[in-house]
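Add chain B to chain A, keeping to what the hints say.
2 protein chains.
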Amino acid sequence: MRAPLLALLAAAPAIAADDVRPAVRAWRQANETQVLRELAEFIAIPNLASDAVNIRKNAEHASAMLARRGVTTRLLETPGSPPAVYGELKVRGARRTLMVYAHFDGQPVDPAAWATPPWTPTLRSGTLDDKALIVDLAALAQPIGPEWRLYGRSASDDKAPIVAAMAALDALKQAKVAPSVNLKFFLEGEEEAGSEHLRAMLEAHRDLLAADLWLLCDGPVHQTRKPQVYFGVRGVMGVELTLYGPARALHSGHYGNWAPNPAVELAQLLASLRDAEGRILIKGFGDDVRPLSVAEREALRSVPPVEDELKAALALGRTEGEGASLPELILRPALNVRGVSSGKVGEAAANAVPTEAQASIDFRLVPDQTPEGVRSKLEAHLRGLGYHVAHETPDAGTRRAHPRLVKLEWGPGYKAARTALDHPAALALVRVLEGGAEPIIKLPTLGGSVPMHLFGDVTGAPVVGLPIVNHDNNQHAANENVRIQNLWDGIEAFAVVFAGLEQAWPARR
Amino acid sequence: MRAPLLALLAAAPAIAADDVRPAVRAWRQANETQVLRELAEFIAIPNLASDAVNIRKNAEHASAMLARRGVTTRLLETPGSPPAVYGELKVRGARRTLMVYAHFDGQPVDPAAWATPPWTPTLRSGTLDDKALIVDLAALAQPIGPEWRLYGRSASDDKAPIVAAMAALDALKQAKVAPSVNLKFFLEGEEEAGSEHLRAMLEAHRDLLAADLWLLCDGPVHQTRKPQVYFGVRGVMGVELTLYGPARALHSGHYGNWAPNPAVELAQLLASLRDAEGRILIKGFGDDVRPLSVAEREALRSVPPVEDELKAALALGRTEGEGASLPELILRPALNVRGVSSGKVGEAAANAVPTEAQASIDFRLVPDQTPEGVRSKLEAHLRGLGYHVAHETPDAGTRRAHPRLVKLEWGPGYKAARTALDHPAALALVRVLEGGAEPIIKLPTLGGSVPMHLFGDVTGAPVVGLPIVNHDNNQHAANENVRIQNLWDGIEAFAVVFAGLEQAWPARR
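Protein sequence lines, in the order shown, are assigned to chains A and B. Residue 1 is where the first sequence starts when you use our numbering, and the numbers rise one by one after that. Residue 1 is where the second sequence starts when you use our numbering, and the numbers rise one by one after that.
Chain A extracted, bound-state conformation:
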């Protein structure tokens, strides 16, 4: 067993702030294989929040990783939820406390769409798109290239940041640099499943989770690969819609003009919800949207344009939003159709009127929208179209009684959050990360969602996002990956924040 990190650090003289980054880099260059293997071991544990046995294994594994760095850990349990991992590293003399948040659960997988199985971490000497070869991580005999990728579910989202933070602690220890702040860790196990129990967990452990600043490690760096911090996230809300046709599939010739076709009805319903530019057509949907502040508009102008490269890489012939920039567009609410299904297409298509049509939608919310508001506005919109809205599967009598009938199954959701760009903690974090060199990108909000609002609501602390992974990581899709250089850069980012935050943001004594 190793001696606790703190005991060693307190006894050793600190190196100068400017020397932290080179020292951490030197440590990393000497320990790349070890860091990568630690990440691969973590990815190899299947991590759907609904898979109770494996998600607990993830929590125990993360807890053990923290403990190896001298962090005091415990699992936080709430009925019906995967355990969360809490960790605490007190630093002698530190007056500020920094909370590091990440999640270890991952999005559902469609194994057939993966080139290698989602929970078999696979190192490639480049990208899958470029047909890069697989490199055996267990028998690595060559230097690891910065453009290599490690593939696996949650390679980026969020296991890489967790491993990078661990490596940052190892590197600081080697450099004999104590963190400047007390460190806390809160690692969640059901973020991708909607964080249904997060509020209860935060409220139950309000004192334990008190901190001066929450650092969220979810999300990617900028598409230019430049580092960025973000001050907000969008909220999220999901709904499954089902429309009903005839009780049994009908021959489309004999009944095709007579029996209502649920796939056609679904098309008409979806077309009524938003237009081709992404504008949401649901009545009053934008009423709750908080206007942008002057500082947010100013920050927007500092974000480099990436749209042309992205359009080319994604083979897009157009974008939505009538020419507005990507950072500007994600400050608006969004309605995404994540799937539609009815009958069969292609070889399996039969000349029949389908019995049902389904659509799956996710909404992205901005301040000050609420999930309740989204729900009531969509349901009012559908009622306005003549729909009877059911929340359970309707029986034959209900189907006969309603010319227009939709079943809605709402998933858990949460609202957006945004920290003011001129909060002292935010300004200090930016100063430390910039270290007097290049300005980093300050994004008013990330397009994605983490339940950031809860941290602020419950703990009262400011919350800022420090993402480290590559933007082209196939997050949430098949063949998720992390680019190796992003992992290395992430280690340095965490190390300079841990080492320098309190000096940049002194607490009054």
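Everything labelled a hint here was simulated from the structure, so no lab data went into it. Treat the hints loosely; a few may be bogus.
Far from chain A, some chain B residues (derived; all Cβ distances over 12 Å) [to be verified]:
{"#": "1", "residue": "Ala16"}
{"#": "2", "residue": "Ala295"}
{"#": "3", "residue": "Ala312"}
Here are the simulated PhoX-like cross-link-like pairs (lysine-lysine), alpha carbons at most 25 Å apart as the crow flies [stated by the list, open to error]:
{"#": "4", "chain 1": "A", "residue 1": "Lys226", "chain 2": "A", "residue 2": "Lys442"}
{"#": "5", "chain 1": "B", "residue 1": "Lys407", "chain 2": "A", "residue 2": "Lys311"}
{"#": "6", "chain 1": "B", "residue 1": "Lys226", "chain 2": "B", "residue 2": "Lys283"}
{"#": "7", "chain 1": "B", "residue 1": "Lys226", "chain 2": "B", "residue 2": "Lys407"}
{"#": "8", "chain 1": "B", "residue 1": "Lys311", "chain 2": "A", "residue 2": "Lys407"}
Virtual Cβ for every residue (Gly too), placed ideally from N, Cα, C.
Leaving out everything else, chain B in the frame of chain A:
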């Protein structure tokens, strides 16, 4: 080996026309199990037109069934097509020739949706919906109930009519009644796959296939279970549409307002094609539609209404067509969306912008529309919406070059057909079937499609449909079945037509 039927019949005295039906019924009552087993054996042979080995087995099996009745048979072959079965039974003294058409191939199957495997013929003592028990056909120890059902792909569409016609020959032979007309059989093996080679086959064998009347045995009897004949069918045309989103699935939070969503675009496209009442919105789509004749309008009034019972049975809260009757609606062209697919729904849904969206559509055509007209009008409509229409999978360059891009894959199709209701052959057929008793239903057109137009176009003969199977047969869908009483009624219908047609429609000598 049996002696040929003809040799026996010519030597025996015929019974009176009015006695044919009772004699056939008596034979059937004594031979029910045998008839049912013959149908089950036929259903047990998988019959997708694309399954070359099995579809040939079907052809050989049907040919052997005919040969057992003394019918001279041969397989008609056309390159690239399953074989068709031709049969001929010359009757001494007969001057008219009746052609019996049916098909032995079936629609694609989704085995997961079937209660018992599609090619495992399964007898039940009632309907699956009523949870009727399975009865072992191999060890049948009880009388077969008229409401029992035999389940399996093509149980109704079209293997039951083929077996019923064979049983009719057996029954007439037993009753020592010779057919009044020369009989020909033409059994097709790719009807459900679009009859791509039918024209070539008919043209190649024009002389062999000459007849005074073609009798089509496809389609169901009326929903009231009353017998009907039909004088037309709708044409059919299928197309697969694919729309393209980003080249890889994108996180819907980070890119959700910016990357075009192909599922949303598909909804908008489909909504532009037809309205909720079934009206096709494609410009000029109805221009070619031939107005109804006075006789057709008159016949429509004789069709009993079934809409209320059907709505209840199908749990429908509404129907399309603004209150028009079902027989009236199927005289119009139809656009049916047989399937849509994009991303994932339900448990598998991930918060991503899908890369593609697909829809599968079948069109039903009426006289005088053509498949070429449908194709050019849909493509013009899509171009009018700003789409670039591709017929091959577009590469990245093509995708980047076109803000709106759709791939269309057209299936083979054919036009509609309609025989005049007052053609002498049609009038004679109706007289024989009515036999001085109840009027039968005369339907100007069936909603479904068989390539009826080809028979008329190539052979010049009138074509009338004599369906025998139940309307609630799940044709084209899972759990296809035939109701036993329909099979029995079908045997009698074929027998009276075979025995009496020439007397009702004497040829000039």
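Going through the hints against the structure:
Every CB of chain A lies more than 12 Å from the CB of Ala16 of chain B, the least distance being 37 Å, so the non-interface label holds. Distance check on Ala295 of chain B: its Cβ is at least 22 Å (rounded) from any Cβ of chain A, clearing the 12 Å threshold; non-interface status holds. With a minimum CB-CB distance of about 6 Å to chain A, Ala312 of chain B fails to clear the 12 Å threshold, and the non-interface call is violated. Taking the CA atoms of Lys226 of chain A and Lys442 of chain A, the gap is near 11 Å; set against the 25 Å cutoff, the hint holds.
For the hint linking Lys407 of chain B to Lys311 of chain A, the alpha-carbon distance of about 20 Å falls within 25 Å, and the restraint holds. For a cut-off of 25 Å, the pair hint linking Lys226 of chain B to Lys283 of chain B is broken: about 39 Å separates their Cα positions. Using a Cα cut-off of 25 Å, the hinted pair Lys226 of chain B and Lys407 of chain B is violated, with the two alpha carbons roughly 44 Å apart. For the hint pairing Lys311 of chain B with Lys407 of chain A, the CA-to-CA distance comes to about 20 Å; that is within 25 Å, so the pair holds.
Violated hints, listed in ascending order, are 3, 6, 7; each of the other numbered hints is respected by the structure.
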